[in-house]
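Chains as they are written, first to last, in this note's numbering: chain A, 1 to 681; chain B, 1 to 526.
If you're looking for bench data, these hints aren't it; they were derived computationally from the structure. Each residue gets a CB set at the ideal place from its N, CA and C atoms; glycine is no exception.
Every beta carbon over 10 Å from chain B, so not counted as near; a handful from chain A, in silico:
| id | residue |
| --- | --- |
| 1 | Ser80 |
| 2 | Asn261 |
| 3 | Ala441 |
| 4 | Val451 |
| 5 | Ile515 |
| 6 | Ala558 |
| 7 | Asp680 |
Part of the chain B face toward chain A, derived, beta carbon under 7 Å:
| id | residue |
| --- | --- |
| 8 | Asn181 |
| 9 | Asn188 |
| 10 | Pro211 |
| 11 | Phe227 |
| 12 | Ala271 |
| 13 | Val275 |
| 14 | Gly307 |
| 15 | Asp311 |
| 16 | Asp313 |
| 17 | Asn341 |
| 18 | Asn350 |
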Amino acid sequence: MTEILLLCILGVGIGGFYAILATGIVVGHKGSGLINLDQGALAMYPAYTFVTMRETGDMYFPWFDFFPGPIDIPYKLSLSSEGVGAFPAFLAGMAMSIILGIAVQVLIFGPLRNKPPISKIIGSLGALVYLTSLASYQFGSKSKFVDGILPEGTWNNPLGLGGGIEFSRLLMAIAALAIGGGLFLYYKRSKMGLCTRAIEDSEIGGTLLGYSVNRIATVNWLISTTITGLAGILALDFVTLTPTRYTLFVVPALGAALFGNLSSPWLATIGGILLGMFQSGAAGFTLKDWWPEWIPSEGLRQAIPLLVIIIIQFSKGYRLPVRGSRFADRQPTAPKPTRWKSLCFAITAFSLWILATGSSVTQGRLITSTIAAILMLSSVILIGYLGQLSLANLTFAGVAAYLSSRLAADGSIYGFSAFALEGPGFPSPLAMILGVLIAVAVGVLIAIPAVRIRGLQLAVVTLAGAVAITEMIMGNESLIGKGARSNLSVPPPRWFGADITVDPAISRDRPALIIFCCIWLLLSIFAVVGIRKGVTGRKFLAVRANEKAASSVGVNVASAKLLGFGIASALAGIAGVLTAYQQTVLQISTWDALSGIGNVSLLFLGGVGHIGGAMIGAALTPAGILSTTSSEGQILRTTASGALMIAIAIFRSDGLVSLADPIKARVRKSKASLKRENMDN
Amino acid sequence: MLGLENRGGGPLRKSNLLKLLSIIFAFALIAAACGGDDDDSGSSSDSSVLGEEEAPAEEEASAEEEAPAEEEEEGHSDDDGHDHSDDEDHSDEAAGTADDSAMGDGAELWESIVDGGVVEADESAEPILITLVNIEGTPVGSFPEIREGAEAAVQTINETMGGLDGRPFELESCVHGLDPNEATACANEIADAQPNLHIQGIDFFNPLLWPTFVGAGLPVLQTVPIFIEDFDTDGILSTEGGCVSSFPTAMEYGVETLGADKYVIIYSNTAPGLVCYADTEERMIQQLTDEGKIAREDWIGIVDASGDPTDNDAVVQQVLEFVDGAENAWVFFGIQASDCNEIMSALAANGYEGGIATSGACRDDSVLANPASAGVHFGSNLGIPERPDLWSDYKVKYYEWREASLDRYGPTVPQSAFMEVAHDVVITGLLQMIMFEAMGGDVDNDPAGFINFMASQSNMHRAGSETPLDCTTNSSEFVSVCAKDMGYYVWTGPGGQFEYGPLGPSNLDSSELILRAAEGNPRPTS
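Generate the whole structure from the sequences, applying the supplied hints.
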């Protein structure tokens, strides 16, 4: 027990880091109503500024030389021919925080303030992708470990528990408490703080009183990014800096922010420190010999933030502030499908054409797009129709993929694997059905918090859920079998005596899989069309539009949400099993939360409320029918895609599919005028 | 101060100018992404892949300084380019620094080519197609330096080495963003292209690709083997060791060379980390245990969550608990550099007084700058790092030549060990092709023969290495990996240098241990 107590105390350092990030999220939310998913990235970039200033004297700007040709866009400022001291580097880091604060408000979150939640989350994710990939491009992915600004030294044998704790960690926690306490007083006593609270309570009231909502948001974002940048620099003393390492600290920070009800910096601070202590203490338990193998230690640590988030969301759901809804733009359109039969015909014809004439590469691209389309249709139902912002659909797919593989395995060695995969050896159809059913169960489980929460908060829950499920189920070798955490070979599927896949070592043509996937896509489209046209779809749209109003007309909101999650999980599960058939070897990284975000982003690009939008997103999916492999410039593509996500979120929340709307309107108009003319004649 | 007046702003106002600027900005970004990159900064590698090779000394050597005089030696070249038909004669005549008997077959060939003057390949001749699959473009993993190292080697081959009998090399890269479907698409494209040689860059989806490559009968050289499927797939050869050279040697080094009375192995919870621990650390040290060289209770494997600092303290506490009372405790880090750094610091802060040894993956600038790194033994299979004063003439010559090669190419990303690995693998491929053709082989029409040729060499020269590879002693469990040795060198601390450790300049060869483990502790099949 002494050891566990010591570990808890040692966790105050990382907990302090979480706390300041969480406080930044809370401050940003108070000012603008946005939950910022790139808070970790906003800590990372100033930290890199500090490090590069120390190492080379260069200060990079958060952009790159994006104009090809002779015009050079300055992207860095060389302030010294060699590294500078800690204090100037610190000032540069803080200056970068301020620049980022202004940039995120003016370019991203300001324009997004009145957009629907899906646009906000996509914009926020775009910022995350942009900053993280830009940092990878500018600074590399290699780790940086430098002397920060906190004093060195160790407090030995703290509280008589043995061991030692570095001063830097203690000071980080103290800094977090000071910031949290300071902000508590600021919002309680200062004029600006009171104005922020007024706006937080009622944007209309605040505006009528003459407060500039934009200005208040900008000031709060400046505070948020400044303290976040400070945290990034302070943490350098005990956290190694890489772009993704810092960025993903946003998950526990979100948990702490929700602990603070998204409105109390002080509670968020306490939550962050406690979270760090719990995680560190839990690690002490999970590394013990007696710790059961079937509970993955990593999974448990990842699950702690999830549990915190879910418990808080569930217990306080209706009390969590929902901002920006008063003036919110309309939701993305979700029209009734009218030409779905033509779409099905086109899909069938195109698949047959590729089957007959396409190379193995094109066939592979078709299969990828077909499966992605099914997965995106699941998000059309959940996000487009029901309005539930879930980022976990890909994870549901992964659950079905892994479990159906395990259930179909019979102890043989498949493919090039070194290991036999034990399992009951169920026939492929049964394994698929069971895998999908389990995915549905997991989906409904994740949906329980959604009964009480919505919007950005739900996105946070599903994001945390995706992280935890990935570790607890897919990466759990006790549950899935040998290779779950590395490469899991999929038993070759046979459906009613027919081989669905072919060993790529024998043939790279996959006609059976193309037909199989095409059938499932058509069935999925039928299902989605049926839902949208039927009573269920109307209920979903009613819930999306206004839960209270829907409830008042007899819609059981909770049932509708659970049903929506269940249907979406089923479709995602089907896509997951098909992906397993396609890839033949499963890797856990394929199904993680970040990949899921990419999938939702592509759907958003296509049009989140349209079946056609899912088809566009699927065509654009990596290795899809409209994508190409390339030889260079990939990192800049990722950076550019982040910028594109932001632009789409701001300017075209109906997605690319809506580009055809003016044409359709014109056709309708000309048809109507033609009809009138005919009647006149 | 706060604007108490409403300046016409508020939530209902939108800035069209901002929209316009944002659109221009976004599309400019896309345009730039579609265009090239003329930026001299860039991304670099993620060092999470285990078994990273050493970084060389950073001697400055311009292309002009390195390019030999252009006079052509008799028999070296003809009008069509380089004539390698009499390579054996060159080997005999070579009076330089390379010695096939010490460095493997091909070392003298390399030297004879680079000493033979600058010879350009004949651009009109049918090219030798080399393909490459690599991960780039994601913050999670991006290794553009692999591609650039290969491109640099191809350029040098074409501009100064005369290609293969005058035929230029043509490199076609297929890069994907950590996506299995993209990786599979790359594999299909490459199988369709039927290259003379495929170089596999760093790819976390290798097991998806091997069936396609094997089915297409492609000769493949790996750069960094990661998974078991990379170790044991027939026909997929690796001149690099990865875990297979790093970890078995580390077990021998800790137990036999250092004589640890308590040995702690810290490994990563990533997919490669878990695979490598189970397959190349745990089984190997269990074999040593079975042979009575260390008691089972005197070693332990502790998993570390990669990239997650919240478990570092628990790891450190467990280490301290385990080594309590030991007189010669050692900790071996088989984890990525960022985790090495944090755990190293935490061990020091908690008063750990035992020794630390690491794989090459731990060695990067950030770790070497950590005061706690003083006295740490770092693994390297290419000799003592950053000490050209201790290198052989051959190694100095090769490294200077490689620097010139990379300078000539002008990488857009920081030079790294991975870049040098990719460069050297391509050069090794060239040497193998020359020797295969010299023996009557046909790289265009006999890929199976070429694969067998490489796999059957017992004295293969790996470009830049002073130690020959023996592919004939690969155990059935590691049939693909020819490199199985590693040296360990002591870092004196920040600002210091590497010194020889207990092994001196020699590498520890774990071939025997691997073979014994295959018998005594075979890889479990389920």
